[in-house]
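Peer 1: In case you want the letters, here they are:
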Amino acid sequence: MKILYFAWLKTKLQMNGETLPWAAERPDTDSLVTWMQERGPAFAEVFSDRDVVRIAVNQEYIIGNTPISEGDEIAFFPPVTGG
Amino acid sequence: MKILYFAWLKTKLQMNGETLPWAAERPDTDSLVTWMQERGPAFAEVFSDRDVVRIAVNQEYIIGNTPISEGDEIAFFPPVTGG
Amino acid sequence: MIRIQQEAFDTGAEIAEISKGRTDIGAIVSFTGLVRDFNDGRNITGLVLEHYPGMTERELAKIEAEAHQRWQLQASRIIHRYGNLALGEPIVLVITASPHRQDAFDAANFLMDWLKTKAPFWKSEMTADGRTVWVEERTSDIDAARRWQK
Amino acid sequence: MIRIQQEAFDTGAEIAEISKGRTDIGAIVSFTGLVRDFNDGRNITGLVLEHYPGMTERELAKIEAEAHQRWQLQASRIIHRYGNLALGEPIVLVITASPHRQDAFDAANFLMDWLKTKAPFWKSEMTADGRTVWVEERTSDIDAARRWQK
Numbered sequence: 001m002k003i004l005y006f007a008w009l010k011t012k013l014q015m016n017g018e019t020l021p022w023a024a025e026r027p028d029t030d031s032l033v034t035w036m037q038e039r040g041p042a043f044a045e046v047f048s049d050r051d052v053v054r055i056a057v058n059q060e061y062i063i064g065n066t067p068i069s070e071g072d073e074i075a076f077f078p079p080v081t082g083g
Numbered sequence: 001m002k003i004l005y006f007a008w009l010k011t012k013l014q015m016n017g018e019t020l021p022w023a024a025e026r027p028d029t030d031s032l033v034t035w036m037q038e039r040g041p042a043f044a045e046v047f048s049d050r051d052v053v054r055i056a057v058n059q060e061y062i063i064g065n066t067p068i069s070e071g072d073e074i075a076f077f078p079p080v081t082g083g
Numbered sequence: 001m002i003r004i005q006q007e008a009f010d011t012g013a014e015i016a017e018i019s020k021g022r023t024d025i026g027a028i029v030s031f032t033g034l035v036r037d038f039n040d041g042r043n044i045t046g047l048v049l050e051h052y053p054g055m056t057e058r059e060l061a062k063i064e065a066e067a068h069q070r071w072q073l074q075a076s077r078i079i080h081r082y083g084n085l086a087l088g089e090p091i092v093l094v095i096t097a098s099p100h101r102q103d104a105f106d107a108a109n110f111l112m113d114w115l116k117t118k119a120p121f122w123k124s125e126m127t128a129d130g131r132t133v134w135v136e137e138r139t140s141d142i143d144a145a146r147r148w149q150k
Numbered sequence: 001m002i003r004i005q006q007e008a009f010d011t012g013a014e015i016a017e018i019s020k021g022r023t024d025i026g027a028i029v030s031f032t033g034l035v036r037d038f039n040d041g042r043n044i045t046g047l048v049l050e051h052y053p054g055m056t057e058r059e060l061a062k063i064e065a066e067a068h069q070r071w072q073l074q075a076s077r078i079i080h081r082y083g084n085l086a087l088g089e090p091i092v093l094v095i096t097a098s099p100h101r102q103d104a105f106d107a108a109n110f111l112m113d114w115l116k117t118k119a120p121f122w123k124s125e126m127t128a129d130g131r132t133v134w135v136e137e138r139t140s141d142i143d144a145a146r147r148w149q150k
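Protein chains in written order, with the working numbering: chain R, 1 to 83; chain F, 1 to 83; chain G, 1 to 150; chain H, 1 to 150.
Among the hints, a few may not be true.
Said to hold, decoys possible - In silico BS3-like cross-links for lysine-lysine, where the CA-CA straight-line distance does not exceed 25 angstroms:
# : chain 1 : residue 1 : chain 2 : residue 2
1 : G       : LYS118    : G       : LYS150
2 : H       : LYS20     : R       : LYS2
3 : G       : LYS62     : G       : LYS118
4 : G       : LYS150    : F       : LYS10
5 : R       : LYS12     : H       : LYS150
6 : G       : LYS118    : F       : LYS12
Simulated from the structure, these hints should not be mistaken for laboratory data. Owing to the predicted nature of the structure, the values given are computational and were not obtained by experimental measurement.
Model the full structure from these sequences, guided by the hints.
Peer 2: Structure representation (structure tokens):
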């Protein structure tokens, strides 16, 4: 799975993204976020407030828990501020 | 008094405007309109429907009857259609 | 700023001029009205716009001042043409500049609605069959202007 | 039409292009968003805009399609920049063309409101004291976008 981070998530995690293998312990976006929260201090901080982290799966916003599979592109980012 | 006609009033009356002396029998806009209505067939037609004739005195819209005096500029025109 | 003129104008040049050398403007909205070939079921070949010189300037100045009172505007521009206008040519231009996007949008919308019902311009259309038809007032324009009554 | 680009754009040229050679357009509304020197109480010296390539195009295309479904539009254009932007430079451009003025106004207003809350762009501001600050979401933008919910 391709993971992407944008804006201050990227700054705080000090990476644009990473490749993660699909794993049975994180079959959907909710479990992936929980896994992220337990990954270390920087991740814990970034993912501490679920309300400020938006998620897109394959470049589409998701609302609620969504299954993920190998080959998906999963992006985490704060509320958008363009325009 | 300077009298001005615009748009289809001008076309129907075949003039841009005229100069009328102030007269005691038409001391305000209402009496001026009544006087116009009795002036001949073209005027009678143009001023027959008071609702479609707008009046400006000295380049300001007037609502309701307004006194007029020598030196005033009185304009008659249909609802505006610019923009 | 108000301009009443016979010659065509360039929307882009007017927008560029309003923001030139400034870094305090956040939003610019422009409205350009054009002569179109079809109106109220008639094929049009051109327009003639008549106006009331003197009163036009006064009314547009009042409308512009009202917009500056209602919204936070840093600049505005109203340009309206008169005379003979060919198909596709611009008739009217309204530009508003503001630190806030909704102020710029609302003020431009308001300026057009008030201008449509208050500025002393009259359109006549040349129709495809060679007639000249005075354009009639639209109820929708009156309703649009009424929205802004306080 | 959608464009996402690093280089500046010319609002006037884009407006001219939309109506070029056409005589069926009655109204063109444009919105230009500019980098301004002051925001939320901070003095700004410039902006950096980050975006999500791929998703940005998809979201803007959806937003544009939605506008064409809701209003009678003959043409539209959305241009959004990314990268480093200097004070006074344009950030975003929305243009709508319609036979009817209110359709052009409403569609442009809608496009900006939805773009503000849906298009994956993130602004960071360079402040006068040398810091880089990620811009925070505005409640007013969320409320503005909510107006258009059916």
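Peer 1: Now tell me if each hint is right for this structure.
Peer 2: Outcome of the hint check:
no., hint, in the structure
1, LYS118/G x LYS150/G, "holds (16 angstroms)"
2, LYS20/H x LYS2/R, "violated (44 angstroms)"
3, LYS62/G x LYS118/G, "holds (10 angstroms)"
4, LYS150/G x LYS10/F, "violated (35 angstroms)"
5, LYS12/R x LYS150/H, "violated (38 angstroms)"
6, LYS118/G x LYS12/F, "holds (23 angstroms)"
Hint compliance for this structure: hints 2, 4 and 5 are broken, all remaining hints hold.
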